[in-house]
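K.L.:
Chain residues, written in single-letter form:
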Amino acid sequence: MYKLFLTLRYLTRRKIVIFPILVVWLCVMMLVIVSSIMGGFVDRVKETNHELLGDIVITSPSFAEGFARYDELQKALKADKELGPLIQASTPTVEVYGLVHIPEYQDSRAAVLEGIDPVGRSQVTKFRESLFNEYQAPVQAVDDLAPHLPATQAQLVEAAGANAEKVQKQFGSLEDESEKLELKQMTSVVKYPLDYWWLIAIAPAAGIVACILLRARRTRSVWGGLVGSIAGIVFLAVIVLGLFWPVMFPRQLKLVNDAADQAYSALNQAERTLQFAQSLPAGNYTTREQLAKAIVPPVPNFDVPAAMTQPGPTGQPGLPADGCIIGSEMGFFRRNRFGNFEHGVNPRYTKVIVTVFPANQKTGGISVNANNSVQRGLTMVDDSHSGVFDVDQMYTYADFNLVQQLAGLDADPQTNTGARAQEILIRLTPEAEKGDLVLVRAKVGRFVRDFQDAHADVANLPLEVQTWDEKQARYLGAVQNERVMVIFCIGLMSLVVLVVIFLIFYQIVRDKTRDIGIIKAVGGSEAGVAGIFITFGLFIGLVGGGMGDLCGWLFVTHTNQIHELIFHATGIVIWDRSVYLFDRIPDTVDVRSLIVFFVVAVWAGVVGALFPAIVASYQDPVEAVRYE
Amino acid sequence: MSELLRLENIQKTYTMGADTIQVLRGINFSMDEGEFVAVMGASGSGKSTMLHIAGALDRPNPISIVPLFPFGNIIVHNPRNKYAPAQSGEVYFRGKQLSRMSRGERHRLRNHEFGFVFQFYHLLPELNVLENVLLPAMIGAPLYMALFGARPRKAEAMRLIEAFGLTHRIKHRPAQLSGGERQRVAIARALINQPALLLADEPTGNLDAKTGRAILDVLIGLHREKKQTLLLVTHDPAVAKLADRTVHLVEGRIKEGN
Chain A
1 MYKLFLTLRY LTRRKIVIFP ILVVWLCVMM LVIVSSIMGG FVDRVKETNH
51 ELLGDIVITS PSFAEGFARY DELQKALKAD KELGPLIQAS TPTVEVYGLV
101 HIPEYQDSRA AVLEGIDPVG RSQVTKFRES LFNEYQAPVQ AVDDLAPHLP
151 ATQAQLVEAA GANAEKVQKQ FGSLEDESEK LELKQMTSVV KYPLDYWWLI
201 AIAPAAGIVA CILLRARRTR SVWGGLVGSI AGIVFLAVIV LGLFWPVMFP
251 RQLKLVNDAA DQAYSALNQA ERTLQFAQSL PAGNYTTREQ LAKAIVPPVP
301 NFDVPAAMTQ PGPTGQPGLP ADGCIIGSEM GFFRRNRFGN FEHGVNPRYT
351 KVIVTVFPAN QKTGGISVNA NNSVQRGLTM VDDSHSGVFD VDQMYTYADF
401 NLVQQLAGLD ADPQTNTGAR AQEILIRLTP EAEKGDLVLV RAKVGRFVRD
451 FQDAHADVAN LPLEVQTWDE KQARYLGAVQ NERVMVIFCI GLMSLVVLVV
501 IFLIFYQIVR DKTRDIGIIK AVGGSEAGVA GIFITFGLFI GLVGGGMGDL
551 CGWLFVTHTN QIHELIFHAT GIVIWDRSVY LFDRIPDTVD VRSLIVFFVV
601 AVWAGVVGAL FPAIVASYQD PVEAVRYE
Chain B
1001 MSELLRLENI QKTYTMGADT IQVLRGINFS MDEGEFVAVM GASGSGKSTM
1051 LHIAGALDRP NPISIVPLFP FGNIIVHNPR NKYAPAQSGE VYFRGKQLSR
1101 MSRGERHRLR NHEFGFVFQF YHLLPELNVL ENVLLPAMIG APLYMALFGA
1151 RPRKAEAMRL IEAFGLTHRI KHRPAQLSGG ERQRVAIARA LINQPALLLA
1201 DEPTGNLDAK TGRAILDVLI GLHREKKQTL LLVTHDPAVA KLADRTVHLV
1251 EGRIKEGN
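Chains as they are written, first to last, in this note's numbering: chain A, 1 to 628; chain B, 1001 to 1258.
The following block holds chain B by itself, in its conformation from the complex (with noise of 0.2 Å):
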């Protein structure tokens, strides 16, 4: 299988206030097409934070920073790229750098190739059900389907809410669902454009155990059936052992094994 997603010594640190704090140490990561991944870790260990730079939608640390007390620092930018500045590693999406692609290209990918399901669902509370399922299908979608009130992709998105059993929730608002209903909604949104890579960060975590076995089933029969690839962050062992392979962070660090 080829390789779809590789981290090379990827680093980030926050500040806060006058603290400093260094999530990830030099990450190198990989996976291939069709693989399930989960990364385990302590609350804190950065998981989450390897997951949003994997999915493009943060970045590594930019590594020339200038100090120019009192203004601030200065981000001294990749020559080679203008779009971003100089990072402390890199991402590589089927073997093309994130760091080089333009803001444009970053965003086609988060359309396209990345689907995100988050531990507390995100959903649009203003739309419904369907129009939930629908919104990364509208993005992109050219204005006179809106203004002709046509729905990309709504087949597949019936086929979807169906298959998640949410037929009789179509017109129900997030306000309206239990939390499971509302995760099965995140996933099918996040599966509508049909993505490459899911990245799903504690799917679970705000779950019942026993909704958050039917959740699970939903992930691991997409894997199974469809060969979906997916990064799942999770600090619960039971659910690592349903993955292929399984990275622990600790410190900052990855350390691979079952």
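Looking at chain A on its own, in the form it has when it is part of the complex (with noise of 0.2 Å):
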């Protein structure tokens, strides 16, 4: 009993305590942190991937010929008795590497041109999902709208403008006053505190004159005193604005951007959803479904609207009649602060140069030249955003046809060579994903190693068959090893924790040398006194180890609000989303490593206070009582 009573004694009253249960709540809040932030951003990585491909992937061996029957062996799958009732979709790929120039933008822009089939990648992936014009901006109407629900469709046309109106009054206003703000900033005196270097320069001089009158105001010099009071407040004055300067002038500018360019967004959305609302066909809505319905096209496709491909009135071409989908960080997007790509209020319709340059037998092997590259234009209508960066900044998308067409990959009469294909992309059923995905893979790559044997025409060399990660280890592996890392040195670093508590523990024994004696002069034991010291540890562990979880997890959870604290307060973007992936700082705890860092607390606790706990038991009571 007098162990647990002297060791909360020791912890409530003696406040060196304090250090070692601060060192173990610091350091455990910060593994947290970093492990769930790092943590979070992996899963989104992966979960973006496997968005991005489906479950199971068939790979041609060679990128440049491509595998032939890719229906027959789709149908084929669909078909088997084992593997057909796990597929629910499956979409060929075919992909090409090339130019897109865009003439209204004067830009070009390395690329991969992918041709796919809309409808069949969106049951594969989340394409459908990623598309701006075709999804996003649609949905979003339909959220905008909803609160006003029941009502008519003239309801909610009226609903939507004073919406809009609203917002534009807003955005006018936050304009008006950004500009004065620039104006007041550019003909500002102190628009750049180093060009003032008198002005820092005053702060030292003030400071030696504080210093040198403070004696005069000690031998009670009235004026000296004075002086010497007016220097100390510049001193301090200058010193202080001197540093937060350079961080709060443009604090206000960056501030009331920053508000209207949400407004922009804002507006653009409100004006998107007042198009929504009026292009709604007359009649009463009353769920939210009914208006999704209305709103958000059921399947995405590639199609031009046919006024488009028309020939203006002032006599200059219409746009081509073959629509492409281009990839959102191609950089014809600008991206604000809180991640969002700016859109226009309408699709933007605009024309694509694509160059390509196929390189497979038929047309005329692997060497690339001018001569085999083929030149097409199509039409952008809508933008692709999957979170995965390298796709969003690479890859065009166009119809399957059209791409394996320009790829050289359709069907050859002359050689008598089918129509090829580069990928099947699969996804398994709902319950069939829940199962072993290796499992699965294993049994596709047999039948697909069947099928190959029995056709001898669909590549000279083994189709691959990957789980979505399989495919993407390489990628997914350096990422989780990033995450490894950086929670291994701080890992390390936490190694200061058990040094800490140990010097700490070591100097509460030094210290308590006296007490042990007394302890044992009144019947205490070794272990009773070891035992002291290691359920005090074991507390420290515990109060900084728990307090530890807690802050890391309130302060993980509120991430994004303490970024945008952070913003307000002083205007600095810790979390610039406009060059993320993500568009929100990750905000999960990861469950597990809250465990772990607690147990590893209480370890940590528990071992550094264990060999001073063991001298504390060896004390020799005679010589701990023997002297004050």
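DEER-style ranges, computed between Cβ atoms:
1) B:Lys-1227 - A:Leu-550: 56 to 62 Å
2) B:His-1235 - A:Arg-14: 35 to 41 Å
3) A:Leu-495 - B:Met-1016: 36 to 42 Å
4) B:Ser-1178 - A:Phe-19: 29 to 35 Å
5) B:Arg-1100 - A:Val-484: 56 to 62 Å
6) B:Pro-1142 - A:Gln-507: 28 to 34 Å
7) B:Lys-1210 - A:Phe-19: 41 to 47 Å
8) B:Lys-1227 - A:Gln-507: 44 to 50 Å
9) B:Gln-1097 - A:Leu-495: 47 to 53 Å
Under the rule of at most 30 Å between Cα atoms (straight-line distance), these lysine-lysine pairs were calculated in the DSS-like manner:
10) B:Lys-1226 - B:Lys-1210
11) A:Lys-293 - A:Lys-166
12) B:Lys-1154 - B:Lys-1226
13) A:Lys-78 - A:Lys-443
14) A:Lys-15 - B:Lys-1154
15) B:Lys-1171 - A:Lys-15
Just so you know, the hints here were simulated from the structure itself, not pulled from any lab data. Remember, predicted model here, so these are calculated numbers, not experimental data. Using N, Cα and C, we set each Cβ at its ideal position, and we do this for glycine too.
With the hints as a guide, bring the two chains together.
P.N.:
If you want it as structure tokens, here you go:
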């Protein structure tokens, strides 16, 4: 009993105890934050990659040549007794490298032109959800209009119109304010503090004067005291202003610009919502589902509105009839601080010229030269934001058959070769997805091998069958490694905790030599004395670990709010979403890491206290009680 | 009256650097239950050492020491007792050899049968008066009592505190008490488990004459009223006069006399 009692008394009545608790607390908090945020990134990267590829991917051994009978293979897989029920959907893809040029922007980008069937692709991946005009804008419009339900179409138009007007006013006033502030900053004396070095030079000079005159103040010289006080205040004020100027001065302008950015996005959305409301068939709308059905298109496509393909009134040519979808990170859309791409009110139909370099046997072999490049005009109908940066910055999507043709992978009656694809993406049923993916992959692999054995013309080499994470293993592995490395480094730093606990405990034991003697004199055993210090360490681990877990959890779950708070207080953007993959800082806490770090904290508390506890238990009580 | 404590041929040597100091050179001493014995002697004569050995806080010298240069000494253990080295002399408490007791038995003996009062009070600074008094009672008490906030022997502690006039100081910590009050708390702590033998090591040595006298009155009162056996170390002849018997320690040996 006395062990627990004395431990509690030492914990509550000795101030030095705060330090090991604080050290454990901060270390655990740091580990929880880093692990959760990094873990959040890894999970998000995995999730987006999974959403991008489906569950299983059949890949051609040769990128340039592709593989034939892809349609037959898909049908055979679906018809198979064992595999058919496991497969929800599959879709072929074909890719070719090239350049994308947008005449309107006079800008070109290296790109991969990927041929897809947009409907099939949307059944296998979250392609549809990645499209702005097709999905995100209408879904947002449904969200905006849903609070006004039930309503007639006219009422919805009225509500959307009122909102658009309100946002317009807001945006206008923010723009005015921004202009004023910009002008003020341009003409301000204190635009750049370093330009006014003399102002900063006053600080040390004032400090020196303050120090010299401090003596005069001590000797009760009224004038000396007064001048010294003024010099001291100037010294402090310049130091404080000098420290905060570069941060604080542009803060107001940043905040206004930021609010204007938000208002601009809101204005575009409000106007889009108004358009959607206006385009709704007249009638009564009662439920969200009814509204969504009327606004959100059922399937994605590459269709270009017929009006766009007609020559203009002044005789300029119309846009090409073949549509394409551009990756959102290809640089044609500005991304604001909140990670949103700024889209205009209307879908941006613009001409895109793609130049591709097919390099297969049909198009003249692997020697790529200008003679076998193919150029084609397309019309941008939408943009896709999958969340995988490498994909969004490189990929342009067009109709499967069109790209197959451009890549030279279409059927060739002269050589009697069939049309070819490069990949088949497979989505399993939700039940099969929950099971062992590797097992299904192995079964698909066997099936594909048998299929290839039966059809010699599929490909020269065996097709590769991989799960989505095997396909992206190198990329995902690198991200995972980064996480492990960061946690390892911080864990290494946390060894300091052990040393700190050890040192503080050792000091406590040294301080408590006499107490130990007394405890032994009144019947305390060696184990009892060691137990006091070990229990003490245990409590430090429990309290520090618990508080660290709690604060880490609170920090992580409020990361985005804290980030906004810092931005509003200082104008500093720590997490610039315009340059990151994700528009939110991951804010999900990994419960496993909470448990692991708590256990490690308790372990560190006990281990850190162990040696000092043993030293304490072997203290000679006679030596301890002999002297005061 | 029956014999409570007996020390037979106790020897104790301290090594301080290269020097070896033989403090006790074969002490033979015994005391009966209910007796008040004062131990006198000059500073450094070994009074406190004798008290510590008598109270199972220290041990006499191990006798079989084999020097094994350069690795130090090997202590040959008593073949009859795995717990302790063979000793130069023996302490008997109620006829039982202390050297034959296990560590646990010695801890229990210090906790239940002996009560120590030190010259420098030795109270735990983090605990208040009541908690300091209760400390020996808490040793050996089960864990659940701490968890439920129960205090073993609390009534006894309150009685002692009241008897020693410390009721108004019950929540005070040692730093807030005077020297006399601290020593009264230390005596209450020594008495909480109703020990058979109270060992007091110059309990008035750090106090002024008036406070010292008051403390002595407390101890003598305990001896006279409760028949408390008392072994008191002092170098003050006036204090020794109050004892039933006085033994003198001279050059590490006992010399009996009044």
